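Keeping their order, the protein sequence lines are chains A and B. All residue numbers for the first sequence refer to my numbering, where the first residue is -13 and numbers rise by one. All residue numbers for the second sequence refer to my numbering, where the first residue is -13 and numbers rise by one.
It is possible that some hints are incorrect.
Chain copies aren't distinguished; within one or between two, either way the pair holds.
[Unchecked claim] EDC-like cross-link-like pairs, simulated, lysine to aspartate or glutamate; straight-line CA separation at most 20 Å:
(1) K(-7) - E96
(2) K121 - E39
(3) K(-7) - D73
(4) K209 - D189
(5) K(-9) - E197
(6) K(-7) - E144
(7) K(-7) - E12
(8) K141 - E181
(9) K121 - D73
(10) K209 - E155
(11) K(-9) - D132
(12) K(-9) - E32
(13) K191 - E181
(14) K(-9) - E96
(15) K(-9) - E12
(16) K141 - E83
(17) K(-9) - E94
(18) K(-7) - E104
(19) K121 - E164
(20) K209 - E144
Derived by calculation from the structure, the hints in this document are not laboratory data. Note that the structure is predicted; figures quoted are calculated from it, not measured.
Number of protein chains: 2
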Amino acid sequence: MSSIKGKGHCRSCAIRQMSIFAQLPEAALVEIQHFQPSIIHFSANETVYHQGEAASCAYTLRQGLVRLVKTLPNGRTQIVRLIRAGDSFGFDGFIGEPYNHSAIPLCEIEVCRLPLAELLALKRQHPEIENAMMKRWIQHLREAEDMMLELGAKKASERLASFLIRWCEPVGLNGWIELPLSRSEIGELLGLTIETVSRFISDWKRQGWIEERQGRIHLLDTKQLQALACVDD
Amino acid sequence: MSSIKGKGHCRSCAIRQMSIFAQLPEAALVEIQHFQPSIIHFSANETVYHQGEAASCAYTLRQGLVRLVKTLPNGRTQIVRLIRAGDSFGFDGFIGEPYNHSAIPLCEIEVCRLPLAELLALKRQHPEIENAMMKRWIQHLREAEDMMLELGAKKASERLASFLIRWCEPVGLNGWIELPLSRSEIGELLGLTIETVSRFISDWKRQGWIEERQGRIHLLDTKQLQALACVDD
DNA sequence: CGCATATTTGAAGCCCATCAAGCGAAGTGG
DNA sequence: CCACTTCGCTTGATGGGCTTCAAATATGCG
């Protein structure tokens, strides 16, 4: 079950630098305390909010990884975004709409819950927040456009290769990195079946282009993958 | 060729009510005149800006229809958004990035070109703009999520059916409406080939579910299409 | 260890892309 | 005005890529 750990302590918050509150002056942090944002834990697959629910709160991810998911009546699902520590999500309430997707943790997570009304007030007083949010939205829109290109114009192997390359970018394309997504979750992200994902990964392992051990992955031959990926930018 | 028609006259602008400047007080409109936004005409397929170009201006569409397109090195393309009158686009410069897509008119268009630096200044002085822009971004992000679900989780017929239903919504699902997209452009939007699009449309015409005359379309049996579309929301 | 779950692998089939040809409407120039 | 071209759309035939169904193997967890 989810559990409320306590009130947020913005001043000492480890991920504030990565969040939309990074540029806030120290003085403003005291103010936020009045809002008493809640720090909440969720375990893996324990839904933070459901698609269609009234959107009364936004969230900032403090730890872990969250997937934003949309589901068709027939059960087919699509992961529309992956949320990392420092990212905020769940702003649909700003336009009076219910959540457009469900937010489901990929692992144990910790979020900071921000009531929208209070966030709205805070935003009005501090243009830095508005600015930071705006930049995030533009960035997210760009990433969504990139994803649409992936889904609409690329083949299975191309999508998977460019996903792996993007995923491994943080470690400079040459080290080991956690891959906390199951085959099925990778499939839901890329619009593929679990079998197709598994087949290509197995194949590329046999080719010696990638290796994998206990949930971590390592790209050995990025050239080959890059060629497969149909790189554009 | 594109041609600059003259300076914008915000006060008398026919589409201002639909734009991000709708809530601006009359007084502020005079200010904008100093910025002298340019009204520019483009003919169909005459690119407004190219993916990768430095993004120095944003645009508001006054008339016509624009497609935002991303292209792979091998030539495959994906329409990532359709822009209607009143919509603004091309904000990548706000985060210091080049345009993430190309903007290409589907027909003759008229745009209002806004230098980003000046728009930024105007935004700072008038929170209404910032607010309106924020709402648009949230809305666009929601639509992008919807599109990712379409592209990743639906089959050809389902994508096409729900596209037609969405397209015809403005006329209440029971009247004729312009469809200024060619088969090939519908394909680029839905991640399908021109032949697949043509086949289904022809089939549905034969079934008597839709009819089409000189670039206009009419849904006759929305129930059937709805069933095909895998409706979710 | 034993069970549940995730992954792999195989076989079959379908959906859609690809290749190819024909059709119709609009535009051009003689 | 009409042959000719062009372009978008249609329709057919074929093949391949990915899904689906199924079963075996690996992995993790109590």
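Okay, the hints, checked on the actual structure:
For the homomeric pair K(-7) and E96, the shortest alpha-carbon distance inside one copy (12 Å) is at most 20 Å, but the shortest distance between copies (52 Å) is not. When the C-alpha separation of K121 and E39 is checked against a cutoff of 20 Å, the pair qualifies only between copies, where the shortest distance is 19 Å, while the shortest distance within a copy is 26 Å. For a Cα distance limit of 20 Å, the shortest separation of K(-7) from D73 inside one copy, 19 Å, qualifies, whereas the shortest one across copies, 41 Å, does not. Taking the shortest alpha-carbon separations for K209 and D189, only the intra-copy value of 16 Å comes in at or below 20 Å, while the best inter-copy value is 44 Å.
Proximity of K(-9) to E197 under the C-alpha cut-off of 20 Å is found in neither arrangement, the shortest distances being 38 Å within a copy and 59 Å between copies. When the C-alpha separation of K(-7) and E144 is checked against a cutoff of 20 Å, the pair qualifies neither within a copy, at 45 Å, nor between copies, at 46 Å. Only within a single protomer do K(-7) and E12 lie at most 20 Å apart by alpha-carbon distance; the minimum there is 18 Å, versus 44 Å between protomers. With identical chains, the CA atoms of K141 and E181 are at most 20 Å apart both within one copy (15 Å) and between copies (18 Å).
Taking the shortest Cα distances, K121 and D73 sit within 20 Å of each other both inside one copy (12 Å) and across copies (19 Å). For the homomeric pair K209 and E155, the shortest alpha-carbon distance inside one copy (14 Å) is at most 20 Å, but the shortest distance between copies (47 Å) is not. For the identical chains of this complex, K(-9) and D132 are neighbours neither inside a copy (37 Å) nor across copies (34 Å), given an alpha-carbon limit of 20 Å. For a Cα distance limit of 20 Å, the shortest separation of K(-9) from E32 inside one copy, 16 Å, qualifies, whereas the shortest one across copies, 56 Å, does not.
In this assembly of identical chains, the alpha carbons of K191 and E181 lie at most 20 Å apart only when taken from the same copy (15 Å versus 37 Å across copies). Taking identical chains as interchangeable, the C-alpha atoms of K(-9) and E96 lie at most 20 Å apart only when both belong to the same chain, with a minimum of 9 Å there against 55 Å between chains. Taking the shortest Cα distances, K(-9) and E12 never come within 20 Å of each other, neither inside one copy (24 Å) nor across copies (49 Å). Taking identical chains as interchangeable, the C-alpha atoms of K141 and E83 are never at most 20 Å apart, the minima being 34 Å within one chain and 27 Å between chains.
Within a single copy, K(-9) and E94 get their C-alpha atoms as close as 14 Å, which meets the 20 Å cut-off; across copies the closest is 58 Å, which misses it. Proximity of K(-7) to E104 under the C-alpha cut-off of 20 Å is restricted to the intra-copy arrangement: shortest distance 15 Å within a copy versus 41 Å between copies. Taking the shortest alpha-carbon separations for K121 and E164, neither the intra-copy value of 28 Å nor the inter-copy value of 35 Å comes in at or below 20 Å. Proximity of K209 and E144 under a CA criterion of 20 Å is satisfied intra-copy only: 13 Å inside one chain copy versus 37 Å between copies.
When the structure is compared with the earlier hints, violations turn up for hints 5, 6, 11, 15, 16, 19 and for no others.
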